[in-house]
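**Student:** For reference, the chains in residue letters:
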Amino acid sequence: MAYTEEELKKELETKEYEYGFYTDIESDTLPKGLNEDIVIAISKKKEEPEWMTEWRLEAFRAWKEMEEPEWANVTYEKPDFQNISYYSAPNKKPKYNSLDEVDPELLETFKKLGISVDEQKKLAGVAVDIVMDSVSVATTFKKTLAEKGIIFCSISEAIQEHPELVKKYLGTVVPKKDNFYAALNSAVFSDGSFCYIPKGVRCPMELSTYFRINQAGTGQFERTLVIAEEGSYVSYLEGCTAPMRDENQLHAAVVELIALDNAEIKYSTVQNWYPGNNEGKGGVFNFVTKRGLCEKNAKISWTQVETGSAVTWKYPSCVLKGDNSIGEFYSIAVTNNFQQADTGTKMIHLGKNTKSTIISKGISAGQSQNSYRGLVQVNSRAENARNFSQCDSLLMGNRCGAHTFPYIEAKNKTAQIEHEATTSKIGEDQIFYCNQRGIDTEKAIALIVNGFSKEVLNKLPMEFAVEAQKLLEISLEGSVG
Amino acid sequence: MLEIKNLHASVEDKEILKGINLKVNAGEVHAIMGPNGSGKSTLAEVIAGQEEFEVGEGNILLEGEDLEELSPEERAHKGVFLSFQYPVEIPGVSVTNFMKTAINESRKAQGLEDMPASEMLKKIREKSEMLEIDRKFLSRSLNEGFSGGEKKRNEIFQMAMMEPKLAILDETDSGLDIDALRIVANGVNKLRSKDNAIIVITHYQRLLEYIIPDFVHVLYNGKIVKSGTKELALELEEKGYDWLKEEAAV
Ligand SMILES: Nc1ncnc2c1ncn2[C@@H]1O[C@H](COP(=O)(O)OP(=O)(O)OP(=O)(O)O)[C@@H](O)[C@H]1O
Ligand SMILES: [Mg+2]
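Residue numbers (the UniProt record's numbering), protein chains in the order written: chain A, 1 to 481; chain B, 1 to 250.
These aren't lab readings, by the way, just hints derived from the structure by calculation.
Check the hints yourself; a few may be wrong.
[To be verified] Pairs of lysine-lysine, PhoX-like flavour, derived with a Cα cap of 20 Å:
1) Lys-443/A <-> Lys-23/B
2) Lys-454/A <-> Lys-470/A
3) Lys-470/A <-> Lys-239/B
[What the hints assert, rightly or not] Counterexamples of contact, computed for chain A against chain B with all Cβ distances above 10 Å:
4) Lys-32
5) Lys-46
6) Glu-47
7) Met-52
8) Ile-151
9) Gln-160
10) His-162
11) Gly-231
12) Glu-264
13) Asn-353
14) Thr-357
15) His-403
16) Lys-411
17) Asp-429
18) Leu-447
19) Glu-455
[To be verified] Partial list, derived from the structure: chain A residues whose beta carbon lies under 8 Å from chain B:
20) His-419
21) Thr-423
22) Gly-427
23) Gly-438
24) Ile-439
25) Asp-440
26) Lys-443
27) Gly-451
28) Phe-452
29) Lys-454
The structure presented is a predicted model; accordingly, all values stated were derived computationally and were not measured.
Note that the Cβ used here is the ideal one computed from N, Cα and C, for glycine as well.
Can you make the complete structure from the sequences, with help from the hints?
**Tutor:** Here it is, written out as structure tokens:
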């Protein structure tokens with residue numbers, strides 16, 4: 001029994017949910033719109049257990065009652081949530097047959113980033129012959145991890161294979177009802193990553209979503225869950241520097257990190273979603289909820305390089321629950337043309353002797369707006385909590401804006417909180433000085449921007465740092481003149 | 001090497017250089033002196049291609065080639081170097097990284113490969129030893145938090161690294177203590193050769209005791225009002241500028 005889209009839509013509007021109905025859907029994309037049936041349909045498509053379906057439904061019901069937040073310093077046309085399709089199966093068919101069909105501008109950027117031809121094809125969605133190399137790399141990779149008892153797979157796979165872990169931790173750091181976008185994600189997330197490091201294990205390599213097997217590309221509603229058992233360590237890389245284009249305008253991811261006693265998680269992100277063209281048309285809206293929970297003596301570091309998206313709304317946070325736990329946030333956010341970013345962090349000090357460090361570097365060019373928004377909260381029981389925040393903004397030209405909104409709530413008198421903020425402009429005299437030494441203006445800006453961002457770039461894993469540097473250069477190309 | 005003919009330059013409709021004529025041959029050292037605000041730094045920056053100034057009449061020729069159409073970086077690639085009176089700070093960019101970038105950009109413009117790291121390191125070691133610069137200093141951010149004297153010494157370190165054809169030193173001596181002055185001046189002297197030329201802008205005769213000029217010029221109110229040999233500097237030290245101002249007014 002096959003349905004047409006129209007019939008299906010009608011059916012969904014009128015018909016009550018019936019078990020077994022979904023197996024009949026042949027189309028790999030669900031109709032637009034969001035209601036309980038769609039949520040159930042997503043869950044069924046992924047062959048999830050009932051508790052998961054129920055979990056999603058609770059999130060959906062909460063979301064229905066919520067309002068889209070307005071407080072961020074960004075303006076955009078609100079997405080019509082009933083005009084979005086919430087599920088489409090991983091696209092197996094290549095979009096293009098050869099690189100010649102791909103947007104030359106995109107290819108140019110790939111080249112500048114030094115991405116190999118095979119990689120270029122993969123990223124742009126061009127059909128590739130099976131590359132034995134990458135398959136074998138992936139296999140060795142998986143074997144090494146398995147020997148240590150590390151689980152690294154898609155969240156869908158984890159729900160099937162490790163339901164006890166998912167059930168125990170999913171939504172414990174970012175509750176289903178945490179905020180509008182998190183609730184939406186909880187209801188409809190279709191993929192993402194799961195990572196589990198057993199007690200006392202030091203993950204021997206950087207875990208990168210880029211290398212994860214079974215899933216290329218990033219979903220619209222990604223869900224990531226990282227669990228570091230007592231005394232374990234993991235460095236996790238998300239995203240890649242290659243520009244990501246997506247016909248889906250709205251992206252709402254949720255990332256939850258759990259660092260149990262004495263564990264450490266380093267989470268690094270390079271985000272380069274399509275920012276729209278230089279007139280501000282198109283581009284991805286990126287509304288992300290990222291939060292980590294630190295138990296006793298645990299440490300979580302967020303490091304991010306944000307260059308993409310038309311609108312970014314993102315506050316990687318740490319809940320420092322355990323005594324002596326440490327939270328760190330290192331961020332570079334670049335906005336150019338008409339991009340808008342409202343990013344920052346929240347450090348919630350609950351335990352004694354907890355420590356947090358915030359280093360935020362905002363770079364604005366063109367007519368973009370770049371806001372830092374940070375909250376440092378010290379609970380009444382958090383004796384001797386310490387925070388150091390430093391927010392630096394670099395402006396290029398005089399049509400862009402940089403804004404800093406630090407919020408401090410200290411309920412314990414022993415708290416020591418330091419905040420420093422600077423705003424500087426790339427000076428004509430700095431450029432001339434570089435020019436005089438034979439360095440052209442484009443290169444001079446890259447040099448100055450890299451210098452400005454150095455404290456954060458240094459926190460990135462080596463290979464990532466080199467790529468991120470090139471990415472900064474490219475993002476700011478043509479921003480002076 | 002350098003030939004300046006009837007050079008006029010202005011900023012915001014205010015004429016600062018009012019017809020400069022100057023000829024500097026390879027192997028020569030010229031000193032330019034003159035009261036504050038007479039246009040010495042302006043002349044240096046105009047030669048280097050600072051676009052803030054509008055060049056009206058006149059030409060600047062480097063080895064016979066008119067520089068007018070060339071950007072500051074192209075002039076640098078052709079061997080023009082300016083030791084700034086007020087070197088700027090570039091936070092987060094180490095002296096070493098800055099020099100590496102500068103040298104490789106110039107090499108690129110000449111169609112050469114990047115300088116091999118070993119060669120670069122050797123050169124850095126050599127030149128920093130010559131100028132008695134502590135190695136730790138080279139990994140600090142360029143000019144950030146440098147003392148006045150350290151900035152000037154660092155400018156000459158850059159000159160030594162870049163081996164320019166034409167070096168213009170704008171008040172490199174101001175801010176240097178007595179020992180530093182000697183070290184820096186010796187460094188400059190070592191860089192002198194029959195193939196390059198140096199213009200030293202200074203207020204003090206003391207520097208010229210170390211770096212002995214072939215010619216001394218006095219710039220006043222946008223014009224070179226007097227030229228002579230090193231004895232002129234001594235005379236100026238003794239008499240000041242008033243007599244020249246009077247002469248110029250006549
Ligand atoms: N960007 C500018 N805008 C306006 N006036 C300028 C500018 N640059 C230079 N001037 C003026 O031009 C004149 C010459 O300045 P310049 O810096 O060349 O003098 P100088 O001879 O180097 O002086 P000093 O001995 O004090 O270094 C001064 O009156 C100065 O105020
Ligand atoms: Mg001057």
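**Student:** Give a verdict on every hint.
**Tutor:** We went through each hint and held it up to the structure:
{"no.": "1", "hint": "Lys-443/A <-> Lys-23/B", "in the structure": "33 Å, violated"}
{"no.": "2", "hint": "Lys-454/A <-> Lys-470/A", "in the structure": "13 Å, holds"}
{"no.": "3", "hint": "Lys-470/A <-> Lys-239/B", "in the structure": "58 Å, violated"}
{"no.": "4", "hint": "Lys-32", "in the structure": "48 Å, holds"}
{"no.": "5", "hint": "Lys-46", "in the structure": "46 Å, holds"}
{"no.": "6", "hint": "Glu-47", "in the structure": "51 Å, holds"}
{"no.": "7", "hint": "Met-52", "in the structure": "47 Å, holds"}
{"no.": "8", "hint": "Ile-151", "in the structure": "39 Å, holds"}
{"no.": "9", "hint": "Gln-160", "in the structure": "47 Å, holds"}
{"no.": "10", "hint": "His-162", "in the structure": "44 Å, holds"}
{"no.": "11", "hint": "Gly-231", "in the structure": "35 Å, holds"}
{"no.": "12", "hint": "Glu-264", "in the structure": "27 Å, holds"}
{"no.": "13", "hint": "Asn-353", "in the structure": "31 Å, holds"}
{"no.": "14", "hint": "Thr-357", "in the structure": "18 Å, holds"}
{"no.": "15", "hint": "His-403", "in the structure": "21 Å, holds"}
{"no.": "16", "hint": "Lys-411", "in the structure": "36 Å, holds"}
{"no.": "17", "hint": "Asp-429", "in the structure": "5 Å, violated"}
{"no.": "18", "hint": "Leu-447", "in the structure": "6 Å, violated"}
{"no.": "19", "hint": "Glu-455", "in the structure": "8 Å, violated"}
{"no.": "20", "hint": "His-419", "in the structure": "19 Å, violated"}
{"no.": "21", "hint": "Thr-423", "in the structure": "13 Å, violated"}
{"no.": "22", "hint": "Gly-427", "in the structure": "7 Å, holds"}
{"no.": "23", "hint": "Gly-438", "in the structure": "4 Å, holds"}
{"no.": "24", "hint": "Ile-439", "in the structure": "5 Å, holds"}
{"no.": "25", "hint": "Asp-440", "in the structure": "5 Å, holds"}
{"no.": "26", "hint": "Lys-443", "in the structure": "6 Å, holds"}
{"no.": "27", "hint": "Gly-451", "in the structure": "3 Å, holds"}
{"no.": "28", "hint": "Phe-452", "in the structure": "6 Å, holds"}
{"no.": "29", "hint": "Lys-454", "in the structure": "4 Å, holds"}
Hint violations for this structure: numbers 1, 3, 17, 18, 19, 20, 21, all remaining hints satisfied.
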